[in-house]
Amino acid sequence: ELYKNHSRVTGPFQVSNMVPGDKVSRDFTVRIHHKDQVTLYFKGLITKQSKGLGDVLQVRVTDKNSGKIICQGTFNTINNKEYSQEIAQSGSGQTDVTYQVDAWLDTSVGNAYQKAFLDADFQWYVKDDGNTEPTQPSDKPSQSGGGSGSGSHGGLTARTGDTAHIVLWCVFAICALAIIILLIKSRRDKKLAGEDLDDSDSETHKKLRRSMFIAVLLALMLGVTTFALITSMVEVKDNHFDTGVVKINLNDGKPVISEDEYLFEPGMRVVKDFFIENEGSIDAYYKIYLEDVKGDLADVLQLTIREKGTDKILYQGTAKNLTRGSAAVDEAVLSAGERKDLTIRFYFPKERGNEAQDKTLSFKMGATATQVRNNPDRSFE
45 ELYKNHSRVT
55 GPFQVSNMVP
65 GDKVSRDFTV
75 RIHHKDQVTL
85 YFKGLITKQS
95 KGLGDVLQVR
105 VTDKNSGKII
115 CQGTFNTINN
125 KEYSQEIAQS
135 GSGQTDVTYQ
145 VDAWLDTSVG
155 NAYQKAFLDA
165 DFQWYVKDDG
175 NTEPTQPSDK
185 PSQSGGGSGS
195 GSHGGLTART
205 GDTAHIVLWC
215 VFAICALAII
225 ILLIKSRRDK
235 KLAGEDLDDS
245 DSETHKKLRR
255 SMFIAVLLAL
265 MLGVTTFALI
275 TSMVEVKDNH
285 FDTGVVKINL
295 NDGKPVISED
305 EYLFEPGMRV
315 VKDFFIENEG
325 SIDAYYKIYL
335 EDVKGDLADV
345 LQLTIREKGT
355 DKILYQGTAK
365 NLTRGSAAVD
375 EAVLSAGERK
385 DLTIRFYFPK
395 ERGNEAQDKT
405 LSFKMGATAT
415 QVRNNPDRSF
425 E
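Residue 102 in this note's numbering sits at position 58 of the sequence shown; the count goes up by one each step and never skips.
There could be a bad hint or two in this list.
To be verified - Derived lysine-lysine pairs resembling DSSO-like cross-links, with alpha carbons at most 30 Å apart:
1. 291 <-> 384
2. 95 <-> 291
3. 108 <-> 281
4. 87 <-> 112
5. 352 <-> 291
6. 108 <-> 171
7. 384 <-> 408
8. 281 <-> 112
9. 338 <-> 394
10. 87 <-> 281
For the record, the hints were derived by calculation from the structure and aren't laboratory data.
With the hints as extra help, turn the sequences into a complete structure.
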């Protein structure tokens with residue numbers, strides 16, 4: 045009899061907030077009931093994705109028993125392709141094969157793949173030609189390679205072979221032949237008895253056509269049944285991968301100081317509050333800098349950026365020198381959802397006096413953030 049799909053999986057891959065450099069693994073154990081050598085196939089099927097994540101999300105399937113790599117590449121590369129492995133004959137009547145599925149993002153993956161997702165199904169199956177002798181599933185635990193359903197293993201069971209479809213075809217052929225012989229014999233008997241064949245002949249043809257239609261329909265149904273009998277598959281559906289996002293809010297986009305708000309003079313100090321908030325899904329490092337700095341006060345006014353209410357200074361120097369390369373970098377982590385209140389102080393040194401009269405300063409304040417995970421060097425590039 046057909047051994048139906050059976051799954052005792054601890055659950056499909058469900059991976060969230062992946063960032064460049066992340067690698068995740070999951071084990072799945074496939075049990076094959078067989079005596080002869082069989083070919084076990086694997087296929088990965090993408091069911092849905094966004095932003096072309098399958099172009100960069102890498103996957104590798106490895107037979108943990110032998111260390112053999114069954115397939116490796118991006119999800120888009122292996123999608124809907126069939127990979128096979130020969131499973132040696134089994135004296136015990138069954139073989140357990142544990143597969144490690146790895147998924148990862150290279151550190152080179154850029155911002156274009158933030159907040160993306162990919163769903164995929166994994167399939168393992170055998171295709172029997174009718175010559176493989178099946179064995180009955182045993183309730184005893186397997187003694188070969190990797191257990192089933194323990195720890196992080198997912199237990200999957202497939203059984204090869206069944207000769208029942210050959211018997212069904214033979215029965216169908218005999219029945220169809222018997223119907224035809226009986227119809228022909230009935231027509232001949234009527235002729236010998238001298239009966240009027242006009243009506244009976246027409247009726248016989250109708251019966252013959254009806255019987256042949258039923259025979260064809262049965263053949264189609266039997267074909268579908270046969271296909272089911274000779275293909276045994278286990279499937280892990282709805283594996284889901286999604287990526288995290290680094291997103292920061294700098295003072296709601298508002299300037300920290302407005303045009304014509306102050307007329308600076310020697311010795312004057314102005315302190316303004318602003319904030320930075322991590323609106324992304326992962327922890328981040330951040331730095332603050334100035335862009336499009338214009339005006340002769342750029343190398344006169346002294347700026348100090350600090351964490352509000354503390355003595356922690358992020359930057360101290362002129363506006364001209366607060367560039368991306370010399371940005372105010374916070375050594376602390378800005379956690380997902382966290383907001384930090386900061387202050388910036390503008391100071392006009394007394395000693396600069398008359399030389400800085402009628403001078404101006406304009407700038408754009410910017411901030412950039414980068415992931416904490418897999419970034420020990422705090423790289424922003």
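A quick look at each hint next to the structure:
1. 291 <-> 384: The hint holds at about 14 Å.
2. 95 <-> 291: Holds, at roughly 17 Å.
3. 108 <-> 281: Answer holds: residue 108 to residue 281 is near 21 Å, not above 30 Å.
4. 87 <-> 112: holds, 16 Å
5. 352 <-> 291: holds, 22 Å
6. 108 <-> 171: holds, 23 Å
7. 384 <-> 408: Roughly 20 Å between the alpha carbons, so the hint for residue 384 and residue 408 holds.
8. 281 <-> 112: Since the Cα atoms of residue 281 and residue 112 sit roughly 24 Å apart, the hinted pair holds (cutoff 30 Å).
9. 338 <-> 394: Within the cut-off at roughly 22 Å; holds.
10. 87 <-> 281: holds, 12 Å
In terms of the numbered hints stated before, the structure departs from none.
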